[in-house]
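Modelling step: build the complete structure from the supplied sequences, incorporating the hints.
The listed protein sequences derive, respectively, from chains A and B. If you're matching positions, the first sequence starts at 5 in the working numbering and goes up one per residue. If you're matching positions, the second sequence starts at 332 in the working numbering and goes up one per residue.
Some hints here could point you the wrong way.
Only pairs whose alpha carbons sit at most 25 Å apart, straight line, appear in this in silico SDA-like list of lysine to any residue [claimed, not checked]:
{"id": "1", "chain 1": "A", "residue 1": "K440", "chain 2": "A", "residue 2": "I403"}
{"id": "2", "chain 1": "A", "residue 1": "K256", "chain 2": "B", "residue 2": "D575"}
{"id": "3", "chain 1": "A", "residue 1": "K191", "chain 2": "A", "residue 2": "L180"}
{"id": "4", "chain 1": "B", "residue 1": "K544", "chain 2": "B", "residue 2": "K562"}
{"id": "5", "chain 1": "B", "residue 1": "K609", "chain 2": "B", "residue 2": "E540"}
{"id": "6", "chain 1": "B", "residue 1": "K388", "chain 2": "B", "residue 2": "A412"}
{"id": "7", "chain 1": "A", "residue 1": "K191", "chain 2": "B", "residue 2": "A519"}
{"id": "8", "chain 1": "B", "residue 1": "K609", "chain 2": "A", "residue 2": "T360"}
{"id": "9", "chain 1": "B", "residue 1": "K562", "chain 2": "B", "residue 2": "G359"}
{"id": "10", "chain 1": "B", "residue 1": "K544", "chain 2": "B", "residue 2": "A515"}
{"id": "11", "chain 1": "B", "residue 1": "K544", "chain 2": "A", "residue 2": "R359"}
{"id": "12", "chain 1": "B", "residue 1": "K609", "chain 2": "A", "residue 2": "N357"}
{"id": "13", "chain 1": "B", "residue 1": "K544", "chain 2": "A", "residue 2": "R474"}
{"id": "14", "chain 1": "B", "residue 1": "K609", "chain 2": "B", "residue 2": "V566"}
{"id": "15", "chain 1": "B", "residue 1": "K544", "chain 2": "A", "residue 2": "R355"}
{"id": "16", "chain 1": "B", "residue 1": "K544", "chain 2": "A", "residue 2": "F352"}
{"id": "17", "chain 1": "B", "residue 1": "K609", "chain 2": "B", "residue 2": "R517"}
{"id": "18", "chain 1": "B", "residue 1": "K544", "chain 2": "A", "residue 2": "R184"}
Since the hints were made in silico from the structure, they are not lab data.
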Amino acid sequence: MASLLQQALRRKPVSELTAQTGTDTGGGELERSIGLFQLSTIGIGATIGTGIFFVLSQAVPIAGPAVVWSFVVAGVVAGLTAVCYAELTSAVPVSGSSYSYAYATLGEVVAMGVAACLLLEYGVSAAAVAVGWSEYLNQLLGNVFGVQIPEALSNSPESGGILNLPAVVLVALCALLLIRGTSESAKVNATMVVIKLAVLVLFIVIGVTGWDAANFVPFAPGGFGGVMTAAGVIFFSFIGLDAVSTAGEEVKNPRRNMPLAIMIALVVVTGLYIAVSLVALGAQPASGFEDQEAGLAAILQNITGSTWPGTVVAAGAVISIFSITLVVLYGQTRILFAMGRDGMLPPFFHRVNPRTLTPVNNTIVVAVVVGLLAGLLPINFLAEMTSIGTLVAFLVVSIGVMVLRRTAPDLPRGFKVPGYPVTPILSIIGCLWIIKDLRPVTILAFLVWVVIALAFYFAYGIRHSTLGIRARGSDVRDVP
Amino acid sequence: MSVVVGVAAGGRSTAAVRLAAVLARSAGEDMVLATVVPAHWPPGVGRIDAEYQAYLKGLAQAALDQAQAELPPDVAVTARAVHARSVPRGLIEVAADTASVLVVGSSAAGPLGRVSLGSVGEHLLHACSVPVALVPRGYGCDAGTVVTRVTAAFGGDAESADLVVAAAGLAVRVGAVLRVASFAVRPAPPRTIATGPHIEDAVVDEWVEYVDKAQQRVLEQVAGLPVAPRKDGAVVGRGHDWADALADVEWTAGDVLVVGSSTAGPLERVFLGSRASKIVRNAPVPVVALPRGAVAQLADEAERA
Numbered sequence: 005m006a007s008l009l010q011q012a013l014r015r016k017p018v019s020e021l022t023a024q025t026g027t028d029t030g031g032g033e034l035e036r037s038i039g040l041f042q043l044s045t046i047g048i049g050a051t052i053g054t055g056i057f058f059v060l061s062q063a064v065p066i067a068g069p070a071v072v073w074s075f076v077v078a079g080v081v082a083g084l085t086a087v088c089y090a091e092l093t094s095a096v097p098v099s100g101s102s103y104s105y106a107y108a109t110l111g112e113v114v115a116m117g118v119a120a121c122l123l124l125e126y127g128v129s130a131a132a133v134a135v136g137w138s139e140y141l142n143q144l145l146g147n148v149f150g151v152q153i154p155e156a157l158s159n160s161p162e163s164g165g166i167l168n169l170p171a172v173v174l175v176a177l178c179a180l181l182l183i184r185g186t187s188e189s190a191k192v193n194a195t196m197v198v199i200k201l202a203v204l205v206l207f208i209v210i211g212v213t214g215w216d217a218a219n220f221v222p223f224a225p226g227g228f229g230g231v232m233t234a235a236g237v238i239f240f241s242f243i244g245l246d247a248v249s250t251a252g253e254e255v256k257n258p259r260r261n262m263p264l265a266i267m268i269a270l271v272v273v274t275g276l277y278i279a280v281s282l283v284a285l286g287a288q289p290a291s292g293f294e295d296q297e298a299g300l301a302a303i304l305q306n307i308t309g310s311t312w313p314g315t316v317v318a319a320g321a322v323i324s325i326f327s328i329t330l331v332v333l334y335g336q337t338r339i340l341f342a343m344g345r346d347g348m349l350p351p352f353f354h355r356v357n358p359r360t361l362t363p364v365n366n367t368i369v370v371a372v373v374v375g376l377l378a379g380l381l382p383i384n385f386l387a388e389m390t391s392i393g394t395l396v397a398f399l400v401v402s403i404g405v406m407v408l409r410r411t412a413p414d415l416p417r418g419f420k421v422p423g424y425p426v427t428p429i430l431s432i433i434g435c436l437w438i439i440k441d442l443r444p445v446t447i448l449a450f451l452v453w454v455v456i457a458l459a460f461y462f463a464y465g466i467r468h469s470t471l472g473i474r475a476r477g478s479d480v481r482d483v484p
Numbered sequence: 332m333s334v335v336v337g338v339a340a341g342g343r344s345t346a347a348v349r350l351a352a353v354l355a356r357s358a359g360e361d362m363v364l365a366t367v368v369p370a371h372w373p374p375g376v377g378r379i380d381a382e383y384q385a386y387l388k389g390l391a392q393a394a395l396d397q398a399q400a401e402l403p404p405d406v407a408v409t410a411r412a413v414h415a416r417s418v419p420r421g422l423i424e425v426a427a428d429t430a431s432v433l434v435v436g437s438s439a440a441g442p443l444g445r446v447s448l449g450s451v452g453e454h455l456l457h458a459c460s461v462p463v464a465l466v467p468r469g470y471g472c473d474a475g476t477v478v479t480r481v482t483a484a485f486g487g488d489a490e491s492a493d494l495v496v497a498a499a500g501l502a503v504r505v506g507a508v509l510r511v512a513s514f515a516v517r518p519a520p521p522r523t524i525a526t527g528p529h530i531e532d533a534v535v536d537e538w539v540e541y542v543d544k545a546q547q548r549v550l551e552q553v554a555g556l557p558v559a560p561r562k563d564g565a566v567v568g569r570g571h572d573w574a575d576a577l578a579d580v581e582w583t584a585g586d587v588l589v590v591g592s593s594t595a596g597p598l599e600r601v602f603l604g605s606r607a608s609k610i611v612r613n614a615p616v617p618v619v620a621l622p623r624g625a626v627a628q629l630a631d632e633a634e635r636a
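The following block contains the structure:
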């Protein structure tokens, strides 16, 4: 019987990952059909919108107008990690999220740790986004109908309410759609991207009329440390750049197009975020951002004195954030599903309803947990937990690239990280640098969460994982 | 019992008549060509519509004659023209006691090679108590074609199992082999969540594992019937939409697909559920939709034989 350490570090062979998801059985040979333009739009569409609608009210009180630099820092780190991820996905070209890649390169226990991070990157981010949605919904209702949901029912306990009901309702609605089997089609996704971009451009165009250079003084009240801490809060606005990396299998000429698309998406997204934040900072003194709800809409209303621009922004936000929540919850359920298939979670998580072909049990559990988080926790904590989870997952991916180069240097790679080993090392340093400046409560909560996940692994996963069962089976056969 | 086929004026029913001939030949039944003439208005002061009625009768007769002319000689055929308030009602009337299956053609507005439901097809699928056979547009076959394989659409649940037994009875009746087919339809995962294009494959695989076992169980059930048809195994079609999933399964010229009715509809009538509807609209071969009453009846017959 292998030692505990050996068991915990067993890695899923790459060929098995391929077989498991039907790529070899004819279930999924995909044609390389995505060109550079489409890949860039995937990256832009995947990234824009999760954070920019509500992150400024968290980040500006920390860094002041220097938050513009926070966007640059977060963007650069996101770009570096996306490029590392792209190599990993081209070498291990199937199923999944960074959980699968960690399983293949770094071992089972690390995969469990990454899965814990992914629960933050997907599940908790869905909760954060739902809370942001409720802010814009309130704004929209107030503008259009003159009614607002009572404070007690639209704020978390920490912010003075009882429960954030709209956020819970949004999660429930998305869960219902997922149970029915609804998925976001490419057309709907494209529409959502257009809506988000249009709304942000509208904000920039109108918001610039309220420009007042005096609002930029003092520029960096939080100093360099403030910029880095704000980068940690903001980082979750850059989640999605890794969608370019995981689309690698379908991309034409990945060696050229992947890094280009990542760069293009990064430049467009960061440029847009910086423009939005500059306009917002120019229009409103830094003190106005603290605790501001539905920030972009509120700023426009303050500048123009009329409600229509705020209404348009709020409507755009409500529509597009709904779509983001749906898609992120979908991703979370499928990651848990994959873990269930691997034996890392109880079989409950990989049951499929025969009529709808959807994992109903799994979806309900995710919806209940995310609903509770969205209803009871404040957005700043949720956003920071998302950021730290994402940063650590990306950190692990960057380490994974280097480990895979050592353990499997001859594996065919559709795309290789330029500037190896500097790039992954820079990416690791960047992630650590941002992490270290997050609030201590966030880091502590994250560590507690990872410990819980690992404890669960040693209690359940290590014995029930299909890889482990197979390994023990072959051990037994070897005994004479 | 006979195969009743609705015939429209203007040569639009060629495909339906061809399929009816195939079915009649396979089952050893005779064919009834039925055409529906709009009913008289209640008699008024004078017979002002007498000329119009005579014209309609002429049209009906011409349609029947044309259909009969295209028929192969080896099938016994009778022709009937009925008066009714609407075409579906008329066909249901003809089919009521004597039909083993009612054959209708597809709408001319639909794609070639696929079944598309026009007004008659839609109405029949909601109101007919007799099995309804739908023909893909432009269906053609060689002379002397018979049904060689009956494919039962199997969803994995208990009602589907009844349908497979009923389809087995049908297969015996027409002398064809039986195949069981299930369809796994899941749209492609969104590209924007960084989980890759195969993340949904695991969910589909899990369902396929479940349905494989259910298919084996139902085939064993069929093997246990007093008169069992020969089996052609079980298949699962996968796709991002129903058209892809149906195309994923192999079809030949003598294939007929059988679907059952929803549990939500009245017992006797054909009333397709959402999945059966999608199968019907995307099937590249003729489809026979069985009302639940007929499923029960055929299943009983198969078990007693």
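Going through the hints against the structure:
1. K440(A) - I403(A): The hint holds at about 18 Å.
2. K256(A) - D575(B): holds, 24 Å
3. K191(A) - L180(A): Since the Cα atoms of K191(A) and L180(A) sit roughly 21 Å apart, the hinted pair holds (cutoff 25 Å).
4. K544(B) - K562(B): Holds - the C-alpha atoms of K562(B) and K544(B) are around 16 Å apart, at most 25 Å.
5. K609(B) - E540(B): Status holds; Cα separation ~23 Å.
6. K388(B) - A412(B): Given that 25 Å is the threshold and the Cα spacing comes to 8 Å, the pair holds.
7. K191(A) - A519(B): Status holds; Cα separation ~12 Å.
8. K609(B) - T360(A): Holds, because 14 Å separates the two Cα atoms, which is no more than 25 Å.
9. K562(B) - G359(B): Since the Cα atoms of K562(B) and G359(B) sit roughly 21 Å apart, the hinted pair holds (cutoff 25 Å).
10. K544(B) - A515(B): holds, 15 Å
11. K544(B) - R359(A): It holds: about 15 Å lies between the C-alpha atoms, which stays within 25 Å.
12. K609(B) - N357(A): Measuring from Cα to Cα gives roughly 19 Å; hence the hint holds.
13. K544(B) - R474(A): At roughly 23 Å apart (the allowed maximum being 25 Å), R474(A) and K544(B) satisfy the hint.
14. K609(B) - V566(B): Answer holds: K609(B) to V566(B) is near 18 Å, not above 25 Å.
15. K544(B) - R355(A): holds, 15 Å
16. K544(B) - F352(A): holds, 19 Å
17. K609(B) - R517(B): holds, 13 Å
18. K544(B) - R184(A): holds, 24 Å
The structure fails none of the hints (numbered hints given earlier).
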